[in-house]
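Peer 1: Sequence:
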Amino acid sequence: MHPLDRLTAEEITVARVVLDKAGLLGPTVRFPFLGLEEPAKDEVLAHRDGDPVDRRVRAVLLDVATGASRTVVASVTRGEVDWQREIDPATDGQPAILLEEFIAVDEIVKADPGWVAALARRGITDLDLVRSCPLSAGDFGIAGESGRRMLRVLSFVQHRPEDHCWAHPIDGLVAYVDLTERRVLDLVDDEDLGVPEEEGNYDDPAYVGPDRETLKPIEITQPEGASFTVTGDVVEWEGWRLRVGFDPREGLVLHQISLQGRPVCYRASVAEMVVPYADPSPVRFWQNYFDAGEYLLGQQVNSLRNGCDCLGEIRYLDAVLADGDGEPRVVPNAICMHEEDFGVLWKHTDLFTEAQQTRRQRRMVISYWATVGNYDYGFYWYLYLDGTFQLECKASGVVFTSAHAEGSPWAEPVAPGLGAPGHQHLFNARLDMTVDGVANTVDEIDLVRLPIGPDNPHGNAFTRQYTRLKRESEGVRDAEPALGRVWRVASAERTNRLGRPTAYVLHPAGQPALLADPASSIARRAAFATRHLWVTRYDPQERYPAGDLVNQHPGGAGLPEWTAADRGLDGADVVLWHTFGMTHFPRPEDWPVMPVDACGFTMKPYGFFDRNPALDVPATVAKHCH
Numbered sequence: 001m002h003p004l005d006r007l008t009a010e011e012i013t014v015a016r017v018v019l020d021k022a023g024l025l026g027p028t029v030r031f032p033f034l035g036l037e038e039p040a041k042d043e044v045l046a047h048r049d050g051d052p053v054d055r056r057v058r059a060v061l062l063d064v065a066t067g068a069s070r071t072v073v074a075s076v077t078r079g080e081v082d083w084q085r086e087i088d089p090a091t092d093g094q095p096a097i098l099l100e101e102f103i104a105v106d107e108i109v110k111a112d113p114g115w116v117a118a119l120a121r122r123g124i125t126d127l128d129l130v131r132s133c134p135l136s137a138g139d140f141g142i143a144g145e146s147g148r149r150m151l152r153v154l155s156f157v158q159h160r161p162e163d164h165c166w167a168h169p170i171d172g173l174v175a176y177v178d179l180t181e182r183r184v185l186d187l188v189d190d191e192d193l194g195v196p197e198e199e200g201n202y203d204d205p206a207y208v209g210p211d212r213e214t215l216k217p218i219e220i221t222q223p224e225g226a227s228f229t230v231t232g233d234v235v236e237w238e239g240w241r242l243r244v245g246f247d248p249r250e251g252l253v254l255h256q257i258s259l260q261g262r263p264v265c266y267r268a269s270v271a272e273m274v275v276p277y278a279d280p281s282p283v284r285f286w287q288n289y290f291d292a293g294e295y296l297l298g299q300q301v302n303s304l305r306n307g308c309d310c311l312g313e314i315r316y317l318d319a320v321l322a323d324g325d326g327e328p329r330v331v332p333n334a335i336c337m338h339e340e341d342f343g344v345l346w347k348h349t350d351l352f353t354e355a356q357q358t359r360r361q362r363r364m365v366i367s368y369w370a371t372v373g374n375y376d377y378g379f380y381w382y383l384y385l386d387g388t389f390q391l392e393c394k395a396s397g398v399v400f401t402s403a404h405a406e407g408s409p410w411a412e413p414v415a416p417g418l419g420a421p422g423h424q425h426l427f428n429a430r431l432d433m434t435v436d437g438v439a440n441t442v443d444e445i446d447l448v449r450l451p452i453g454p455d456n457p458h459g460n461a462f463t464r465q466y467t468r469l470k471r472e473s474e475g476v477r478d479a480e481p482a483l484g485r486v487w488r489v490a491s492a493e494r495t496n497r498l499g500r501p502t503a504y505v506l507h508p509a510g511q512p513a514l515l516a517d518p519a520s521s522i523a524r525r526a527a528f529a530t531r532h533l534w535v536t537r538y539d540p541q542e543r544y545p546a547g548d549l550v551n552q553h554p555g556g557a558g559l560p561e562w563t564a565a566d567r568g569l570d571g572a573d574v575v576l577w578h579t580f581g582m583t584h585f586p587r588p589e590d591w592p593v594m595p596v597d598a599c600g601f602t603m604k605p606y607g608f609f610d611r612n613p614a615l616d617v618p619a620t621v622a623k624h625c626h
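Sequence positions in the sequence shown follow this note's numbering and run 1 to 626.
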């Protein structure tokens with residue numbers, strides 16, 4: 001077994017037995033999280049086939065009756081608990097939200113007389129058609145909330161059971177719920193804005209109209225099969241080699257990415273994402289969600305279907321996860337792998353020899369989808385024939401709605417009386433780099449315009465400026481699209497035939513980072529999202545950019561805390577934390593279901609090779625190219 005192999009159902013079962021024998025479980029103890037405790041990088045890199053492997057798990061345990069929680073690390077190989085620590089919810093934050101707590105919220109609010117009366121004042125009396133939407137509470141210093149395990153609840157109404165409730169928000173009303181005491185702590189009843197009536201059932205033919213009949217079929221076939229191989233968790237394709245992992249919090253993880261036998265990136269994942277909303281009203285000012293740390297992206301994974309989510313010659317992998325009781329559950333076809341044609345790779349028609357050459361680009365795609373409440377997110381890692389790798393995050397689903405008051409600067413109208421508040425989707429990719437080894441350097445590269453002068457008499461010159469990021473205090477950076485800013489991760493030990501360090505360059509999209517005020521609660525809790533890049537020195541305990549326990553954490557954990565140590569980076573084992581995303585002011589075209597919007601970044605080889613690495617890609621078969 002390899003140290004980074006995904007957890008099996010048997011290992012999850014054994015983990016539960018080990019924790020039970022240690023006296024850590026009971027009838028009211030649940031598992032908000034149970035995942036592989038990855039060994040430190042040096043241990044993994046030293047591993048050889050046949051070496052013994054100590055398989056360990058990390059679990060977060062929550063007693064739902066008392067609110068007490070702890071973090072535990074245990075060995076399923078040795079059957080022992082290695083480490084445990086009690087969690088102080090006031091300072092450490094709360095464990096992630098359990099599925100059963102979402103269900104409990106509906107019961108709690110519907111048993112509250114104040115909430116029922118508020119609905120009645122709005123003319124809503126059939127509680128069976130009210131859908132309570134439990135949302136993470138955050139931390140705003142509200143009196144009486146510190147240390148409590150909470151959710152905040154907005155609600156929607158259906159016209160009938162098959163009606164999509166997002167079209168009918170019950171605005172102006174929010175319940176603050178204590179999950180441990182199972183009661184409504186506070187009810188904010190600001191104003192009755194009326195419930196929008198028009199339906200938005202995108203799966204109702206009467207609403208959508210007849211299907212268009214003009215689209216002809218597109219068939220994607222690979223008659224000789226796929227060009228990639230999958231052996232256990234190891235994927236190999238056109239010189240690329242990597243291990244596929246799947247974490248209940250981060251979702252899809254790529255381990256030990258190498259190209260032509262040379263290491264490029266030790267570990268790549270989406271370590272966090274935050275969705276802050278811009279409506280400051282009394283019932284919505286708190287709306288911001290950490291979809292990884294609070295809701296666990298991996299736990300929300302979809303089962304994918306060939307022909308719908310993926311096309312072509314497909315290889316699927318299942319996800320094996322622990323449920324709230326610590327028992328294994330299998331999500332079939334959670335990870336999709338396939339190849340895609342991606343247009344022209346390189347092309348030239350020579351003026352002098354009249355030679356004409358064209359090569360087709362293709363890419364290897366490794367992807368999964370997760371549904372978090374109203375939104376659906378697709379995460380697509382791409383590997384290319386020219387040594388490029390890329391991440392694209394796709395957002396679809398249903399926008400979060402509000403009752404729309406004409407002239408509101410916080411929401412855009414998407415249907416009569418229905419609004420959708422402006423918000424951001426900000427992702428943070430953790431890239432544990434190993435470009436030709438663990439000793440790397442990071443340079444910021446900017447374009448520089450040069451004025452007319454003795455060395456530039458005609459004013460046509462421009463050049464580049466390289467700035468070495470030598471310490472963590474220097475590694476907190478912003479993208480600058482006007483300067484064409486990129487970040488180069490180079491080997492500190494290896495050079496190419498031209499004497500330059502072998503390297504990869506991060507090309508950011510340069511879209512806005514967190515737009516909330518720097519003194520806001522969300523800026524404290526999601527400090528990672530305030531900057532486009534953080535560079536840290538590798539530490540195996542530094543996994544999540546907003547800290548280990550994000551739910552209701554007061555802020556300051558993660559990257560701000562780690563970079564305060566100001567460790568040296570030059571020639572070190574470095575980790576890049578890249579924030580990117582989209583700022584979304586919804587359009588009518590985003591309703592009632594949103595076409596995919598996408599964001600991401602690209603990593604390109606930069607002197608990693610001595611020449612174009614795709615020269616040996618064969619020409620397209622003549623019968624397809626004429």
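Derived by calculation from the structure, the hints in this document are not laboratory data.
Any given hint could turn out to be false.
Calculated pairs, EDC-like style, for lysine to aspartate or glutamate (alpha carbon to alpha carbon, straight line, at most 16 Å) [said to hold, decoys possible]:
hint, residue 1, residue 2
1, 110, 128
2, 110, 178
3, 394, 590
4, 41, 376
5, 470, 570
6, 394, 309
7, 21, 82
8, 604, 309
9, 604, 376
10, 394, 573
11, 41, 82
12, 470, 444
13, 394, 412
14, 347, 386
15, 110, 126
16, 21, 112
17, 604, 443
18, 41, 54
19, 110, 54
20, 470, 386
21, 41, 542
22, 347, 128
23, 41, 80
24, 394, 190
25, 470, 573
26, 41, 444
Peer 1: Quick check: which numbered hints come out false for this structure?
Peer 2: 4, 8, 9, 10, 11, 13, 16, 19, 20, 22, 23, 24, 26
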